[in-house]
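2 protein chains.
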Amino acid sequence: MVDFKLYLDEQRQVVEQALHQYMLPEEGEFAGHVEAMRYSLFAGGKRVRPILCLAAGRCVSEDPGIDALLLPAACALECIHTYSLIHDDLPAMDNDELRRGQATCHTRFGEAEAILAGDGLLTYGFDLLSNPELPGPAAETRLLLIATLARAAGSLGMVGGQYLDIDSEEKEVPFELLKTIHRSKTGALITAAVSMGAIGGGAEQKQLRALTGYGNAVGLAFQIVDDLLDVTASTEQLGKTAGSDAEHGKATYPALFGVDKTRSLAKDAVDRALASIESFDNRAEPLRALAKYIFSRSR
Amino acid sequence: MVDFKLYLDEQRQVVEQALHQYMLPEEGEFAGHVEAMRYSLFAGGKRVRPILCLAAGRCVSEDPGIDALLLPAACALECIHTYSLIHDDLPAMDNDELRRGQATCHTRFGEAEAILAGDGLLTYGFDLLSNPELPGPAAETRLLLIATLARAAGSLGMVGGQYLDIDSEEKEVPFELLKTIHRSKTGALITAAVSMGAIGGGAEQKQLRALTGYGNAVGLAFQIVDDLLDVTASTEQLGKTAGSDAEHGKATYPALFGVDKTRSLAKDAVDRALASIESFDNRAEPLRALAKYIFSRSR
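As you go down the protein sequences, you meet chains L and X in turn.
In the numbering used here, each residue carries its 1-based index in the first sequence increased by 36.
In the numbering used here, each residue carries its 1-based index in the second sequence increased by 36.
Keep in mind the hints are simulated off the structure, nothing from the lab.
Computed from a predicted structure; not experimentally measured.
Please note: incorrect hints may appear among the correct ones.
Identical copies look the same in the list; a pair holds intra-copy or inter-copy alike.
Quick list of in silico lysine to aspartate or glutamate cross-link-like pairs, EDC-like style, CA-CA up to 20 Å [said to hold, decoys possible]:
| id | residue 1 | residue 2 |
| --- | --- | --- |
| 1 | K215 | E65 |
| 2 | K297 | E133 |
| 3 | K207 | E65 |
| 4 | K297 | E52 |
| 5 | K297 | D262 |
| 6 | K82 | E169 |
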């Protein structure tokens, strides 16, 4: 893609607009609670998961209205990603004060409000996917989207991964466990984003398998690069406290392999992602460019 | 019903067995996390919400297999109720150390694990409702169950109510606000339990309206009685710290109206619940007995 930056900007705007359209308004008796949710949801996230979801849908669907059908699912992914950041930042978890260059939710609103903002966003993700007034694919397919998201975000996925991450702090972490943590904590939701786009777009089994393979590899690349940036980038560049992993005694790729080897492992993962969708036509170009973009952040 | 205690015991066993069947096993890499979820889920809850859900379903359905169809939804309600207790008990919220006569989740497992146990149970509720391998009504109906639960448990329901409750501590709370807190924090999920049973059982619109009215009134009665017990019962009787509301400067019915008037308001709510389902035949007897049982706890 010649103009990938333009594509990303456009896609971000599409997602941003949908989030504004679908998110609860800051009014009425729960306004203070909704304010905390919106504060974190509209804090300048990169919207990687919704964009992956939409791009995967367009890879398999001929329907010109596929974006509109998938936007509630795309927004649900971002709600659930945002909730996970709010809860991860809590004092009892990673105790981070800075996220995307601004005060974390609990630093701004207090701990109780942040826990509830996370709970609210998590629940709202499922509200968006099941709301009969919002666009979406047929009921059977919608159910499958919900099942995919619940499994990826839950105890055998993202929540379980965060448990392992916290549980492993200051411990010797073998490579196998590190892979499990990354696969569940970050990989599961990124894979789900791609799979949900594919499912919502009506993918055949073979296409779904290929795109899920792409999602797994891209999710791994994403986390490896995240580990790397925590070591190589400044707090200002990251928008969150740099060196936070080392400070918490967390297992990371650079801690296990050093910076150079970590970068080459990220490259391997991106190559696997590209190989998974080799057979797709040029409608998969955005997914290819996204995989390369993720790696480009590591340099 | 002559033998309501026997009915309740039987129903609890049905729910208990389904929870054991459907809950994640304590094994593999996430065993420690699942242990914390199971600790709170199997801590001797009364299973009021699942029992209400099943009873409402039997009120409107002739299908002898209706229980099996509704059990995943009934278990989802209990997962979400349990998550709300775990998060409400956290130090940043009500800071309670005792629940159902045993240490609260965070006292036993630590704060981070308790937050994650709650997140896991909340997400697992939606997993149960969408899992294609579990029994359930048709896809359209299932989606409606998910939408009903997500709305009731989320920011405009239970989570919003908890926000108002926390936000109102040590403040003068007008009666209107107290009603809103109760309706959202406790009432919404109880109403959802009844509505979900009715929807899953294929209720007609008129039946659904009547049962939702019953749910609203029973939910209110339940919370009024809970307020009352916090004042009149001992810690041993409650299984949680008595007098906790007053200690946190919480708005309650007894604080606003005194014990006698509060009891009579509970009675009024139960009467409204009974009136709502007056037109139902004797299949509604369990719901009638449940409403009376809730009031009987206040004496």
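Here is what the structure says about each hint:
1. K215 with E65: between (44 Å within a copy, 12 Å between copies)
2. K297 with E133: neither (30 Å within a copy, 47 Å between copies)
3. K207 with E65: Intra 45 Å, inter 15 Å, cutoff 20 Å: inter-copy only.
4. K297 with E52: Classified as neither; 36 Å inside a copy, 51 Å across copies.
5. K297 with D262: within (15 Å within a copy, 59 Å between copies)
6. K82 with E169: For K82 and E169, the Cα distance exceeds 20 Å both inside one copy (27 Å) and across copies (35 Å).
When held up to the earlier numbered hints, the structure conflicts with 2, 4 and 6 and fits the remainder.
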